[in-house]
Amino acid sequence: MQQGAIISGDRIRTAEERAANAARMARALSESGIGTDDCVAIYLRNDFPFFETSAACTLLGAYATPINWHYTAEEAGYILRDCDAKVVVIHSDLLPPIHKTVPEGVTIVAVPTPHEIAAAYGVVVPETLPEGVVLYEDFIRDREPWTDLPPASRGTMIYTSGTTGHPKGVRRDPMDEDAQARQAEQVFEGFGVPPDSTDIRTVMTGPMYHSAPNAYGLSAARNGAAIILQARFDAEDLLRIIDEHKITHMHVVPTMFVRLLRLPDEVRAKYDVSSLQHVIHGAAPCPPEAKRQMIEWWGPVIYEYYGSTENGIVTVVTSEMALNKQGTVGKPITGNVIRILDDDKNDLPPGEIGEVYIWRPNRTDFTYNKREDARREMDVEGFLTNGDMGWLDEDGCLFLADRKNDMVISGGVNIYPAEIEKALVGMPGVKDCAVFGIPNAEFGEALAAHIELADPGIGPEDVKSFLAGHVAKYKIPREIVFADSLPREDSGKIFKRKLREPYWAGMPRRI
Numbered sequence: 023m024q025q026g027a028i029i030s031g032d033r034i035r036t037a038e039e040r041a042a043n044a045a046r047m048a049r050a051l052s053e054s055g056i057g058t059d060d061c062v063a064i065y066l067r068n069d070f071p072f073f074e075t076s077a078a079c080t081l082l083g084a085y086a087t088p089i090n091w092h093y094t095a096e097e098a099g100y101i102l103r104d105c106d107a108k109v110v111v112i113h114s115d116l117l118p119p120i121h122k123t124v125p126e127g128v129t130i131v132a133v134p135t136p137h138e139i140a141a142a143y144g145v146v147v148p149e150t151l152p153e154g155v156v157l158y159e160d161f162i163r164d165r166e167p168w169t170d171l172p173p174a175s176r177g178t179m180i181y182t183s184g185t186t187g188h189p190k191g192v193r194r195d196p197m198d199e200d201a202q203a204r205q206a207e208q209v210f211e212g213f214g215v216p217p218d219s220t221d222i223r224t225v226m227t228g229p230m231y232h233s234a235p236n237a238y239g240l241s242a243a244r245n246g247a248a249i250i251l252q253a254r255f256d257a258e259d260l261l262r263i264i265d266e267h268k269i270t271h272m273h274v275v276p277t278m279f280v281r282l283l284r285l286p287d288e289v290r291a292k293y294d295v296s297s298l299q300h301v302i303h304g305a306a307p308c309p310p311e312a313k314r315q316m317i318e319w320w321g322p323v324i325y326e327y328y329g330s331t332e333n334g335i336v337t338v339v340t341s342e343m344a345l346n347k348q349g350t351v352g353k354p355i356t357g358n359v360i361r362i363l364d365d366d367k368n369d370l371p372p373g374e375i376g377e378v379y380i381w382r383p384n385r386t387d388f389t390y391n392k393r394e395d396a397r398r399e400m401d402v403e404g405f406l407t408n409g410d411m412g413w414l415d416e417d418g419c420l421f422l423a424d425r426k427n428d429m430v431i432s433g434g435v436n437i438y439p440a441e442i443e444k445a446l447v448g449m450p451g452v453k454d455c456a457v458f459g460i461p462n463a464e465f466g467e468a469l470a471a472h473i474e475l476a477d478p479g480i481g482p483e484d485v486k487s488f489l490a491g492h493v494a495k496y497k498i499p500r501e502i503v504f505a506d507s508l509p510r511e512d513s514g515k516i517f518k519r520k521l522r523e524p525y526w527a528g529m530p531r532r533i
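Here the working numbering is used: the first residue of the sequence shown is 23, the next is one more, and so on.
Certain hints may be false.
[What the hints assert, rightly or not] The calculated lysine to any residue pairs, modelled on SDA-like cross-linking and capped at a C-alpha distance of 25 Å, are:
#: 1; residue 1: 367; residue 2: 348
#: 2; residue 1: 122; residue 2: 204
#: 3; residue 1: 426; residue 2: 516
#: 4; residue 1: 392; residue 2: 154
#: 5; residue 1: 453; residue 2: 494
#: 6; residue 1: 347; residue 2: 315
#: 7; residue 1: 495; residue 2: 511
#: 8; residue 1: 367; residue 2: 397
#: 9; residue 1: 122; residue 2: 154
#: 10; residue 1: 444; residue 2: 397
#: 11; residue 1: 453; residue 2: 255
#: 12; residue 1: 108; residue 2: 426
Please keep in mind that the hints were generated in silico from the structure rather than gathered at the bench.
Full structure from sequences and hints, please.
Structure below.
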């Protein structure tokens, strides 16, 4: 596997080819009106033009703005308008559903959907494109490479998918060379990808419209790692890729661990995973038992991080720490400081749950695009909150209780659904679950649990009986719904909002 190359299916793009395309793309974008601080929307699955367009934006001092391609036309249209995109780069099969919502005057650059991606998602690639849409190769062909010195980097403007309201674009301040170097150091400490990745081989398993896979993938490419793009996550296929390409580093989400562990022993035994050196996961809580089994299988190469689009990587957990302190999301990486504050913004002692606030000395500041008020609301003396509730133990290890916005208040009592979900995923026969608040005339809110089963023989009373041995009675969901599957993003995250919304439809309140 050639170092610095990116492979997708039977296609390969070398680092030199990507750099040349990025330089031509920068010229094409500039001639389309893109300048410093402008936005280029990226509506792509993981593909070569994702990397090239992001690099072109860096050359121009523009913001690359990835959009979740699972979004409805209305959701995608909102982001295109909010970021004032002048150009959108999109896979051809993704264009028809959102074409009419692309604002007038936006240049649409279509990337033919590669065979391996079309096959993985079962999509039909359109034979023709709407009038005025230009193909990616035609857009950059014969352009003079951009040779101007790049201004301070703006990076990627990710839109956060909050639990309420519209997503907010995290618009970072420009980064000079010193700021970029400091960020590279923290990426190395958090993700384990060295600044000079001459012998790193990684596989991208998650969509790069998410902040962590985006940072991981772009950093790996920028630092010279060899990268395999897995068109769509499949557990056995991932083992094949690790074995065949001798993968050393990888970013995953906990759901992938769970699916890997479900593979029969004889399937797992077919593949050699001894090349793995650093496997990092985040984005969602990992069941402690799954973590333990993965460490037993792959060795002490499993790491976990806690962070956010706004704050970047805050803490890291080694395999040893994960086994000794089950449930912790780790200690702050170098220089980071965590405070736990109550509702009056007073510091809380170890063991008490409050809102988690973070200070990062190397953090590049940001604002929410067109929402500076929302940025101010999360700041206390320079410490920023992700809206998470948690506590610190006596050793300074952070434990999370739940998202503040996910907290359910039932009869005046605060309930954190994550605690109940953690108990439920430990029940034999339960694959996964989502617990959330629904309207209740007596208590204001009650709890509902939507559960994906491995054992169809389980009933609501079985669930309640199991939970009675793990959580207080008032934390047992009143409504229990079983489903063949739960709505998810490609990252593995459950679309809890989609489960919650029907219960609150027509209600004058949301909590």
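Next on the checklist: Going through the numbered hints above, which ones does this structure break? Give me the numbers in ascending order.
Outcome noted: 1, 2, 4, 7, 10 and 12
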